[in-house]
Amino acid sequence: MAVSSLKNLTLLDLCFNRLTSLSHSNVSLPESLNRLYLCRNNLSTLGCEPSFLGSIEILDLSYNSELPTKALEGVNLRRINYLRLRSTKVNIVEFIQNSDIHAGHVDFTSTHLNTEAKLVELCKLLKRKLSRITKLTLVGNKIETLTANTLAHCPNITKTLDLSKVGQKKSDCLQFLKEQRQITTFIAEHNHYSSLPTCEDEDPFRQLEELRYRYNRILSVNSHAFHHTPNLKTLWLNINTIAFLHQKALSGLRQLSTLRLDNNLLSDLFADTFEDLFNLNILNLRNNRISVIFNNTFRNLKNLTTLDLGGNKITHFEPSGLCGLERLSKLYLDGNNLQTIDSSAYHIFQNTLTTLDLRQNMIHFEEDVNFSPFVNLTKLEDLKLDEQKPYGLHILPRTLFRGLYSLRSLYVKNNMISYLAADVFRDLKHLNFLSLDNCCVGPTHLPAGIFKDLTNLTILTVENMGIQNLSTEVFGNISQLKKIQLNHNVMQTFPVTVLQSLTKLQYLDIRNVPLSCTCENSLLRNWTVNNQKVQMIYLYSLPCPHDPKVKFFNFDTSVCNIDLGQYLFFCTAPWIFLFTVWPLLYVKLYWKIKYSYYVFRSWFSEQWRRLREKEENCKYDAFISYNSSDELWVMNELLPNLEGNGSSFKICLHHRDFEPGRYIIDNIVSAVYSSRKTICVVSRNFLSSEWCSLEIQLASYRLFDEHRDVLLLVLLEPISERQLSSYHRMRKVMLKKTYLQWPGSECTNPLQAQGLFWSQLRRAIGTTSRIETEEKGTRVANKEDADASDNHV
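Here the UniProt record's numbering is used: the first residue of the sequence shown is 1, the next is one more, and so on.
It should be emphasised that the hints constitute simulated quantities derived from the structure, not laboratory data. Beta carbons are placed, not taken as given, at the ideal position from N, Cα and C, and that holds for glycine. Incorrect hints may appear among the rest.
Said to hold, decoys possible - DMTMM-like, lysine to aspartate or glutamate: derived pairs with alpha carbons at most 20 Å apart:
hint, residue 1, residue 2
1, K135, E209
2, K384, E463
3, K127, E94
4, K170, D201
As the list claims (entries may be wrong) - Computed beta-carbon distance windows for the label pairs:
hint, residue 1, residue 2, range
5, T340, T493, 39 to 47 Å
6, E690, T572, 28 to 36 Å
7, K89, N303, 47 to 55 Å
8, K302, A117, 45 to 53 Å
My request is simple: use the sequences and hints to build the entire structure.
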């Protein structure tokens with residue numbers, strides 16, 4: 001598309017190309033174009049119609065090293081108000097003489113005016129064309145020597161003369177400007193001045209208001225060096241090597257408002273140095289070698305608003321070192337060697353100071369103090385305490401910021417603080433900006449409510465603090481926050497509730513934070529992708545820690561959609577119910593459960609079928625259940641009377657008939673169900689035996705559940721009701737079933753009673769085990785029967 005079709009184009013920059021010509025065929029520039037930059041090309045001719053540049057106001061042809069004077073002949077340059085021809089082959093005098101350009105609109109920088117004669121020739125030409133010129137720029141023309149007669153040939157310069165980079169070595173109290181006393185700004189930067197002489201006896205340049213001597217080699221400034229410029233308002237002496245500033249060097253500069261002495265070698269300031277600078281507003285002494293501010297150094301600077309002492313070696317102020325600074329608003333003390341904050345030194349300007357810079361000093365606190373050195377600075381808006389040397393503040397006293405009700409910005413970054421109190425920012429209710437970057441030692445735990453009073457905070461930077469976790473208790477109260485920088489911290493999870501509470505958030509930086517790509521961050525992942533109001537820095541480059549190839553914004557969250565609550569409920573509810581009910585089941589149904597378990601196991605081992613065979617196929621007539629302590633009675637009394645003496649019963653005894661190598665419980669179950677009757681020899685030892693209890697339980701279940709009269713109780717000794725109370729199953733049997741009591745020696749006729757006992761026992765063994773109804777069981781041997789006869793129970 002042709003440039004001519006861009007009807008609204010105002011600026012066209014074609015610098016740094018390889019253009020050799022502007023030749024065209026019936027093409028014109030748009031009328032709206034007024035700025036054209038053609039610098040650093042290879043133009044050797046313009047090759048255009050005379051009217052081609054008719055609408056251009058700013059034209060830059062600099063650094064076209066082959067561009068000759070002839071290339072500009074006949075070109076319409078009437079509308080040009082700024083033309084640069086630096087480093088071309090254009091003969092500037094010949095060009096001005098033959099061109100229709102306004103001569104005052106040409107920049108003469110580096111146009112080969114290398115001798116005084118050429119400059120005089122140019123000045124004469126300019127004077128013929130102009131009566132006055134606003135600005136004459138002669139930068140880079142290597143005019144080492146100037147005399148008063150040189151510039152006398154020029155038209156009156158009404159504002160600015162720039163003689164930077166011309167190689168001058170002496171200022172000569174500006175005598176070469178003797179015929180140009182209307183100049184208001186003189187610039188002589190990047191020259192070779194080594195000193196500024198005394199000018200007390202020279203005629204004054206009363207119109208001169210700004211003087212610039214930057215980037216020279218000035219080593220000393222003598223007394224009354226500026227006596228000839230009494231109305232000077234701005235003086236630039238910075239970026240030199242000034243080591244000696246005479247006490248009277250600045251004498252007479254009563255109108256001076258800005259003084260730049262920064263980046264020199266000054267080591268001492270005296271009480272008379274600034275004596276006449278009543279109207280000084282800005283004093284810059286940065287990057288010198290000042291170590292002490294002596295008493296009354298600034299005593300006359302009552303209008304000073306900005307004092308920059310940064311980058312020096314100041315260790316302390318003398319008691320009256322800052323006296324006189326009644327209107328001071330900005331004080332820069334960064335990069336010095338101050339070890340304490342002396343609040344007494346600030347009392348002069350405590351009601352006017354708005355900015356205090358204490359960065360890179362040696363301030364630290366050994367313990368938590370109970371006072372604030374800033375308590376009276378009620379107007380302070382900007383406070384910097386960054387990067388205290390050598391290892392930071394160590395302790396941030398909880399009272400340090402008390403009284404700073406107007407503070408807007410606070411910088412505490414790059415300090416090695418070990419603890420942050422929850423109420424350390426209590427009084428900073430108007431704070432807008434807080435920087436805590438890299439301020440703490442190791443992993444940081446931000447106490448709940450630390451930001452609760454910062455209701456107007458809009459920007460918070462907490463980079464590289466070692467923050468491990470975030471919570472609404474910490475960030476929930478700063479509802480005005482718009483920007484937060486959290487990069488280079490160590491939290492693995494980020495609750496979305498924190499971000500949701502920051503309703504005005506616009507910018508979030510979480511670069512280099514190892515957020516885990518797990519379900520814990522699934523809500524955060526969805527929030528970052530779907531939120532359109534918050535700008536996330538490098539969101540799509542944020543990797544997952546476990547696999548850098550996987551990005552946080554699209555890690556798989558499908559597994560997180562499972563209702564884990566419901567899943568866990570169904571998994572845990574049965575176990576909770578079991579552990580809740582189990583104690584009750586254990587107390588009430590212990591033996592029944594145990595019995596069912598063994599029966600079930602026997603069923604699997606194909607024992608159940610054999611154990612449930614009909615009664616007539618039983619292997620034994622009776623199984624004897626007894627305690628080993630009663631074995632003597634069983635072997636000497638019971639066994640001979642049941643298997644001998646004409647009896648034909650087959651008795652099962654555990655020590656004789658149990659199958660070796662078999663589980664004892666299996667032998668017990670097999671013995672109970674292979675016998676028509678189970679005879680329990682009950683004694684106190686029997687009641688305390690676990691195996692005996694199991695045997696009577698099995699027999700009682702056959703009695704009650706299968707309705708088989710299989711259980712015979714033989715009491716070897718009297719047992720009271722109380723002793724049976726814990727054996728509820730046996731007690732239930734004794735309430736419903738007949739039991740036999742072995743007649744002891746207390747009977748009147750023991751032999752007769754024992755004979756009756758064996759007769760009743762043999763008869764009971766011989767009866768059928770089938771019970772017609774559960775109600776036919778007869779309770780025998782109750783207390784009345786026992787009283788009626790000693791021969792039976």
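The hints, checked one at a time:
no. : hint                    : verdict
1   : K135 / E209             : holds (15 Å)
2   : K384 / E463             : holds (17 Å)
3   : K127 / E94              : holds (15 Å)
4   : K170 / D201             : holds (17 Å)
5   : T340 / T493: 39 to 47 Å : holds (42 Å)
6   : E690 / T572: 28 to 36 Å : holds (34 Å)
7   : K89 / N303: 47 to 55 Å  : holds (52 Å)
8   : K302 / A117: 45 to 53 Å : holds (51 Å)
Violated hints for the displayed structure: none, as all numbered hints are satisfied.
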